[in-house]
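Enquirer: Starting from the known structure of chain S, arrange chain L on it as the hints suggest.
Just so you know, the protein sequences line up as chains S and L, in that order.
Note that the first sequence covers residues 1 to 91 in full-length UniProt numbering.
Note that the second sequence covers residues 1 to 167 in full-length UniProt numbering.
Since the hints were made in silico from the structure, they are not lab data.
Hints may contain errors.
[Said to hold, decoys possible] What follows is a list of derived Cβ distance ranges for each label pair:
id : chain 1 : residue 1 : chain 2 : residue 2 : range
1  : S       : L22       : L       : S134      : 20 to 30 Å
2  : S       : L22       : L       : K81       : 28 to 38 Å
3  : S       : T76       : L       : G90       : 27 to 37 Å
4  : S       : Q30       : L       : S33       : 39 to 49 Å
Computed from a predicted structure; not experimentally measured.
Using N, Cα and C, we set each Cβ at its ideal position, and we do this for glycine too.
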Amino acid sequence: MSSRRSRSRQSGSSRISDDQILDLVTRLQQLLPESRNRRSEKVSAAKALQETCNYIKSLHREVDDLSERLSELLETTDTTQAAIIRNLLMQ
Amino acid sequence: MAPKYTIATRHAKGIRTRFASRFLRSLLRLKSSSNRFGGSQSNDEGIGKRISTDRIKIAAYASMARAVGPRRAWSRALLFKLRNRARIHGVSRKRCLVSEKKNKKRVIRNKVVAISREPSRADTLRKLVPGGDSMDTCVLLEETAHYIKCLATQVTVMQSIADRLLL
Numbered sequence: 001m002s003s004r005r006s007r008s009r010q011s012g013s014s015r016i017s018d019d020q021i022l023d024l025v026t027r028l029q030q031l032l033p034e035s036r037n038r039r040s041e042k043v044s045a046a047k048a049l050q051e052t053c054n055y056i057k058s059l060h061r062e063v064d065d066l067s068e069r070l071s072e073l074l075e076t077t078d079t080t081q082a083a084i085i086r087n088l089l090m091q
Numbered sequence: 001m002a003p004k005y006t007i008a009t010r011h012a013k014g015i016r017t018r019f020a021s022r023f024l025r026s027l028l029r030l031k032s033s034s035n036r037f038g039g040s041q042s043n044d045e046g047i048g049k050r051i052s053t054d055r056i057k058i059a060a061y062a063s064m065a066r067a068v069g070p071r072r073a074w075s076r077a078l079l080f081k082l083r084n085r086a087r088i089h090g091v092s093r094k095r096c097l098v099s100e101k102k103n104k105k106r107v108i109r110n111k112v113v114a115i116s117r118e119p120s121r122a123d124t125l126r127k128l129v130p131g132g133d134s135m136d137t138c139v140l141l142e143e144t145a146h147y148i149k150c151l152a153t154q155v156t157v158m159q160s161i162a163d164r165l166l167l
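Same shape as in the complex, but just chain S:
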């Protein structure tokens, strides 16, 4: 496991326990969108990591799509100042 590798890299730090890692992984899992409904079910750490990777990739894709949409929109709007002020007020 990569935790063993990182333990050997650092000389002075404390050992990373499995419980700590499991705790962090469950915290991570709670942030994912799908698993918010089924909280009682315990998912393995591997599956949680896999879902995290997929979620991050999907978020990156959404950012790409949104920036493309924004570039098209910015091209067409002429009254930028009014739009910006409206956006700031409505946040």
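Expert: Same frame as chain S, but now just chain L:
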């Protein structure tokens, strides 16, 4: 109109407003610079005036990294990466060749090491989170959690801006 809440934590709303104001300001800057110079530096587009998608994407990630500040490892790594990219793009091509040579050497070294390793799930995560190469597993998971929170905020803010620009 009621504000939309993302993953509800104490910090999420603060990040949200900070990111939104920075991002809107950089969008304004991009728009005004493309209005001033008839042909802006668009990479792939043939049309001169259009603000390229990559610039907006870079502006979004940069605004998010600055809004988070230097207290998180991933935001520091992201800002460092963006600054290096800006420097390489701005300087002449000679320096690009020099950095390419350095990368080639690094690639050869990594190939010899990589034969014995299988890419674990933690390694894919390291590639996705900025600055993840030089992190413990523990630190990596913490940074991932914060990174996901901020990415989700970024997406909702960009979505609401795009929705409002249509009006």
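Enquirer: Which constraints among the numbered hints does this structure fail? Numbers only, ascending.
Expert: Failing hints: none at all.
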